[in-house]
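Colleague: Here are the chains, one letter per residue:
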Amino acid sequence: MQEAELQDILTSREDGEYIINIGPQHPSTHGVLRFVVSLKGEILEYLIPHCGYIHRGIEKMCERLTYQQIIHLTDRMDYLSAHMNNEVISLAVEKGMEIEVPERAKYIRTILAELQRLDSHQLWWSAFGMDLGGPTCFFYGLRDREKILDIFEESFGSRLLHSYICPGGLMNDIHPNFQTRTKEFMKYFRKKLPEYDDLLTGNVIFEQRTKGLGTLSKEEAISYGLTGPCGRGSGFSCDIRKHHPYSAYDKVEFKEILYDEGDTWARYKVRIDEMWESMNIIEQLIDNIPAGEHTARMKPVIKLPEGEYHQRVETARGELVAYIVSMGDKYPYRLHFRTPNFNNLFVINRLAAGYKIADLIAISGSLDLVIPDIDR
Amino acid sequence: MPFNIYDFSVTTKAVDEYFKAHMSPTWAFVMELLIVGLVFLIVYAIIGLYLVLAERKVCAIMQNRYGPNRVGKWGLVQTIADLIKLLMKELIPVRKSDKFLFNVAPYIVIIASFMAIAAIPFAKGLQGVDFNIGVFYMMAVSSIGVIGTLLAGWSSNSKYSLIGAMRSGAQVVSYELSVGLALLAVVIFSGSMQLSTIIESQANGWWIFKGHLPAIIAFVMFLIASTAEINRGPFDLAEAESELTAGFHTEYSGIKFAFFFLAEYMNMFIVASLAATVFLGGWMPLHIGSLESFNRIMDFVPPIFWFFGKTIFVIYLIMWFKWTFPRLRIDQLLTLEWKYLLPINLLNILLIAFLVLMGWYFK
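The listed protein sequences correspond, in order, to chains A and B.
Residues in the first sequence are numbered consecutively from 1, following the working numbering.
Residues in the second sequence are numbered consecutively from 1001, following the working numbering.
Bound-form chain A, shown alone (with noise of 0.2 Å):
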């Protein structure tokens, strides 16, 4: 929105009607996102999104940049799908380069995507937990979490900002105790996951607070753009990994998650039942990781051939693009990221207005918005 636009709505407002600034420094806004809330008493008329706060200006960047270098930066955008960001890219030059990834590393990519959905969508439930006022669900969900960090920090020495997929494969082979841990974990978490369920879902508060809160139809959800456990929450089949299948996707059986509701309750399911979809894609590849070589030969300077390079994946949030321009130089020309935040976020004047504050953090959070991603 315009700065004179925002200015006219300020000034013209009605009587009893009142503007508050919720962040960019609010608990609720999961970082430094800021909504500028018009309030009439309890009920919100409109809400204006602000973001850039954390602009970095991350494709700009790339265009400077090689790309195994770009690999660390994609990283930083959504930090809670930090292998998929890196898979994108890895996909897209592999696309150009035509290079054939070693099977090894495609199966490695896709437990690694999927126990990165894991981690994301538990600390997700943590956060929507807390931001309908139950604080134990956040260490409820921190505690599994730390588990599958612990994994990650063994495997490649990092816990948040991995970039780990690079092109041709990965980086390194998996630590030696990868699988024995993985296969630790799942059985642990298949335990523990319905523990989620007793605290959070069979609540009767919580189902008065999120059933037939901020619905969105399917014909809305697919015009504002919306992908993911958003999108499949009411009812658009999106999935990347079934429509698009990339790495290892086309080997393991798995369902897409859909829930015709479209309310803040079918977008919480779609991603507890996300969790044991991701449990079951993990439990089939893990035994079967071929031998091989994690990366294929690659030379120590790529060059992308001139012209134009797509690829799509599916984050924990939804469809991340990465659109390559390139001039044959061993830098992108043009580096485009389509996040599945920034389309995720500006449905939530559609989704909020109408309703109270509290239920303006309740749809905010079952949008599970990563500051970063957005401004990128």
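These aren't lab readings, by the way, just hints derived from the structure by calculation.
Heads up, a few of these hints could be off.
[Said to hold, decoys possible] Have a look at the derived ranges for each label pair, beta carbon to beta carbon: (1) A:Arg143 - B:Gln1332: 53 to 61 Å; (2) B:Leu1101 - A:Ser237: 56 to 64 Å; (3) B:Leu1101 - A:Lys191: 52 to 60 Å.
The model shown is predicted, which means the values in this text are computed figures rather than measured ones.
No residue lacks a Cβ here, since even glycine has one placed at the ideal position from N, Cα and C.
Starting from the structure of chain A, add chain B where the hints point.
Modeller: Showing chain B alone in chain A's frame:
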């Protein structure tokens, strides 16, 4: 009471006589007031501080954590350290705030809870004032606190505070009805509003057992409504840290914030002790009908332990659902009160009146 050694009125009478013998009646009165005031101040501070620690420990257990365990054994001194930190914090003045009301609000809140504690019977003979309308007094005094909350929100010159204060106002005014009606249940049973008489009437069994189902309903109603009245989770809409950052005390710091904080915990203690007094027999030991030997053994436990044991039990219940439930929304909160709690309470009162009229309860 077979054990007169547990009767505190012996001690208090001795002190009274000592003062009367040594000085004029006016001075004796002043001295007694001073001593009582000082004792209450110390008890108030200690209970408030250690409830904070207890809450941190309970919530840690609920959340798979250890809680404070570094300062002192089991973190026992942690709460003192926090108090010192709070006392040393800068008091940040807020621009364009109403200075007088801003400063006076924390005192109103803390005075309200301090006045309520005066009527709590801690043990036999250990009670600040034994009003003949004790229940009514507790209700009246504890509802003064909301004025402080409203003033804090209004004078802070912050919209977050204002929303929190308005929520708190709507909430306390509504839930006070249910608290009153739930207490009325026992007032009908025991036929008195005096807290000491209510306790005496439970010598052969607590009202929650003697009053059949209606008393249990009244106890549950009291627990729910009073949790809402003291602005604790899942009814902590006035603070609602995920929506309003800290609600009505967003702009407060240092000792003024500490006052709000302390008052919140003391209100919890007051509510719990009222529940223990009215429904669970206060300092009365657990007596079961004609089991003489059992009753004798129970009498050995000093009344003050019974009182604090029951109060801690109720406090644990209140903490338990704070740390396991998500927060309600404001409209759901008011719906719960006006559409469910209040009608159930009214019917319950009618039922109890009928029971008492027919004499269909354990006497």
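Colleague: Each hint: holds or not?
Modeller: Hints, verified against the model:
1. A:Arg143 - B:Gln1332: 53 to 61 Å: Violated - the Cβ-Cβ distance for A:Arg143 and B:Gln1332, about 30 Å, lies outside 53 to 61 Å.
2. B:Leu1101 - A:Ser237: 56 to 64 Å: 57 Å, holds
3. B:Leu1101 - A:Lys191: 52 to 60 Å: Roughly 54 Å apart at Cβ, these two residues keep to the hinted range, so it holds.
Figure legend: structure checked against the earlier numbered hints; the only hint not met is number 1.
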